[in-house]
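Enquirer: What follows is the residue order along each chain.
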Amino acid sequence: MHENHRIIGPDDRILITGSNGFIGSRVVDTLLRSGFSNLRCFVRPSSNLTALQAVLAAAPGARVEVMPGNLLSREDCAKAAKDVAAIFHLAAGTTKNFAGSFLNCVVTTRNLMEAAAKFGCLQRFVHVSSFAVYSNWNIRRGGLLDETCELESRPVERAEAYAFAKLKQERLVVEYAEKHGIPYVILRPGAVYGPGVRDLTKRVGIDTFGVFFHLGGSNQIPLSYVDNCAEAIVLAGLKPEIDGEVFNIVDDDLPSSRKFLRKYKRHTKGFKSIYIPYWLFYGLCWLWEKYSKWSEGQFPPVFNRRRCAALWKGNRYSNQKLKDRVGWKPKFPFSEASRRYFEYLERTI
Amino acid sequence: MLRVAIVGCGKIADLHAEQIQYIPGCQIVGVCDREELMAQQLAERLNVPAHFTEVQDLLDHAKPDVVHITTPPQTHHSIGKSCLEAGRHVYIEKPFTIDLEEAQELISMAEHKNLKLTVGHHYQFSHAARRMRELVVEGYLGGSPVHMDSYYGYDLGGGDYARALLGDRHHWVRMLPGGLLQNNISHGISKVAEFLKGDVPQVIAYGFTSPFLRNLGETEIIDELRVIMHDGTATAYFTFSSQMRPCLHQLRMYGPRNGLIVDERQQTVIKVKGAPYQSYLQQFVPPWVYAKQYIGNSLGNMRKFLKADFQADYGMKVLIQTFYRAITDGGSLPIPYEEILRTSRIMEEIFSQLRSSRPPPKSVLPPET
Chain A
2 MHENHRIIGP DDRILITGSN GFIGSRVVDT LLRSGFSNLR CFVRPSSNLT ALQAVLAAAP
62 GARVEVMPGN LLSREDCAKA AKDVAAIFHL AAGTTKNFAG SFLNCVVTTR NLMEAAAKFG
122 CLQRFVHVSS FAVYSNWNIR RGGLLDETCE LESRPVERAE AYAFAKLKQE RLVVEYAEKH
182 GIPYVILRPG AVYGPGVRDL TKRVGIDTFG VFFHLGGSNQ IPLSYVDNCA EAIVLAGLKP
242 EIDGEVFNIV DDDLPSSRKF LRKYKRHTKG FKSIYIPYWL FYGLCWLWEK YSKWSEGQFP
302 PVFNRRRCAA LWKGNRYSNQ KLKDRVGWKP KFPFSEASRR YFEYLERTI
Chain B
396 MLRVAIVGCG KIADLHAEQI QYIPGCQIVG VCDREELMAQ QLAERLNVPA HFTEVQDLLD
456 HAKPDVVHIT TPPQTHHSIG KSCLEAGRHV YIEKPFTIDL EEAQELISMA EHKNLKLTVG
516 HHYQFSHAAR RMRELVVEGY LGGSPVHMDS YYGYDLGGGD YARALLGDRH HWVRMLPGGL
576 LQNNISHGIS KVAEFLKGDV PQVIAYGFTS PFLRNLGETE IIDELRVIMH DGTATAYFTF
636 SSQMRPCLHQ LRMYGPRNGL IVDERQQTVI KVKGAPYQSY LQQFVPPWVY AKQYIGNSLG
696 NMRKFLKADF QADYGMKVLI QTFYRAITDG GSLPIPYEEI LRTSRIMEEI FSQLRSSRPP
756 PKSVLPPET
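Residue numbers (the working numbering), protein chains in the order written: chain A, 2 to 350; chain B, 396 to 764.
Pulled out of the complex, with its shape left as it was, chain A reads as follows (with noise of 0.2 Å):
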């Protein structure tokens, strides 16, 4: 990205939250190799800084500042909003548990942004959501899912906390940014793979009881590859004149969900999976619903209708916004990416 296209220069410090982790570590990477050389790695005081140093071991002039905290404490907020021009907030709970994971999303938001107000000098808040936010009830299968979707207007029905989280904390960022002047700018990720991930992304299907149940069938499945993802979070963090805007990140050349699960299957140890229809998987989904209703929740609701839609129900996905607004075109396609992937599995399975 050329300099005149930046929002900050190469020598303004920038925060980022959660750059322990595994789109978080290759985000440091790409600014680092992106000129920007003076950043704050916020991380929790717990983490196994493995992937962060093995990042900043590769950029030694760099004046990087790792700094151990708790979102949760507004004075380590405080300490980490010092200062700085641009913040990439990718840290995000992921517990299972609705108070758990509202509480590591939304609540350390929103100490994140007052403290970053306090100091004024903020020129953009970058904020990494998920694909979750998004419901396609009203979506045919196969229709395209866009920015201009419809958000989950029932995420308690879905039962599920991250969504939930994500989609709280995202209107917390809209309502604090118009509050306090800040620019923001949404990103939206897919299914993101690549080395240091192992799992299959739900929207292939799930492991439970020892069995695989493949739910994608010929499904495209909305993947990003790390180091895609991590160059349109650095590249739409940056960019001027898109405050306010929201977009999703997937690559081009979706794979189906069939073929992605064969290509798995064969560079990894190979499992038995179940082909389990669309159709078929919503009507249990229904029943276990009901069930779950009738039993007073003997069986949680975590298989629902609207969580089975907006998984396994199938759409399209387009990255022209990001294309169009942004400039990025993703730097690895499928094929590499895809190879890089399954070798890091072959290598660690």
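No wet-lab data here; the hints were simulated from the structure.
Just so we're clear, the structure is a prediction, and the values are computed from it rather than from any experiment.
It is possible that part of the hints are untrue.
[As the list claims (entries may be wrong)] Partial list, computed: chain A residues near chain B (C-beta under 8 Å):
#	residue
1	F103
2	V107
3	R111
[As the list claims (entries may be wrong)] Chain B stretches covered by chain A per the calculated footprint, using a threshold of three residues with CB under 8 Å from any CB of chain A:
#	region
4	405 to 411
5	419 to 433
6	697 to 705
[What the hints assert, rightly or not] Here are the simulated SDA-like pairs of lysine to any residue, each with C-alpha atoms no more than 20 Å apart in a straight line:
#	chain 1	residue 1	chain 2	residue 2
7	A	K291	A	V303
8	A	K294	B	A707
9	A	K294	B	E413
10	A	K203	A	E158
11	A	K294	B	P419
12	A	K294	B	C421
13	A	K97	B	D409
14	A	K330	A	H6
15	A	K97	B	Q706
16	A	K83	A	V67
17	B	K699	A	W289
18	A	K291	B	Q416
19	B	K508	B	S473
20	A	K266	A	I207
21	B	K406	A	N98
22	A	K83	A	L73
23	A	K294	B	Q706
24	A	K97	B	K406
25	B	K702	A	E297
26	A	K294	B	M697
27	A	K291	B	Q706
28	B	K508	B	P731
29	A	K203	A	P256
30	A	K294	B	I418
31	A	K80	B	G562
32	A	K294	B	D708
33	B	K702	B	Q662
Glycine included, each C-beta is placed from N, C-alpha and C at the ideal position.
Assemble chain B onto chain A, guided by the hints.
Expert: For chain B alone, kept in the frame of chain A given last:
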């Protein structure tokens, strides 16, 4: 209609709210958390009409009959006191209070004001615990327990709670006088406190940091505890372990005639016959008798499951229901006050001994792995 409020909107509040929703004749009228966003999210998810950040506002405006306190234990006493002063019945999550003095004060206040108070020892109301109690009342043990053995395992290796605790030097659990133990052992201690007699059982406690934690650089958290208790008649052992596998939640009790093994995780109650069999039959017959009992337990559990009577938090539902009945119908309290106080007293003595004991010589410390 019983008006219910919840103070503290974290993970445990969700469990309470779920159970309360299934109990007829009550309604959650307000939730409260010092962090407004947390109060707001719980109210939104459960369609609760009002949320607050101050307990007094909750009491004044939502006017609950009963308040569930699901905040960190350091605040149980002050919030409980405010609720009792305002004339509300109170359900306090475990551990009841930080120390015995606070527990005594709350109970005296409840008695003085003719209000009801209970603590969230819900494992006391699981199917297995209730079956065990029936057998004890029927006299299966042949008299009062002679000895009890309570195991409470806790898996520290994984889980969000453990990660949060290890990663945060200022985590509220670390700030408790008894640390991790204080937040976890009351379930296991209450199992034996129910059957010990007298107010002041003799307690000998020994605790240490497991090799697992020491290898992670943790030196403050005691996650292994062994306790001996004696009330003058009966004795009890209590084991809390983060490392022992299987992660037992078990009570073994032995009377003058027979014994019982109650497993909370498996929801089984096994009768252990005291009288021996003749000769080699002692080696041949009991395994069949136990096999038959285990099959019976399994079938019984399946029957309850099919009748939708086997929820993961069934014990909590029964405890809450029984407590509400005590409020509305004047029935007896689900957990007697002397049992709550005995549990508090035993825990206080354990923590006092752990604090005052010097680190044992290196030769008795378990080897590093």
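Enquirer: What are the numbers of the hints that this structure violates, sorted from low to high?
Expert: Every hint satisfied by this model.
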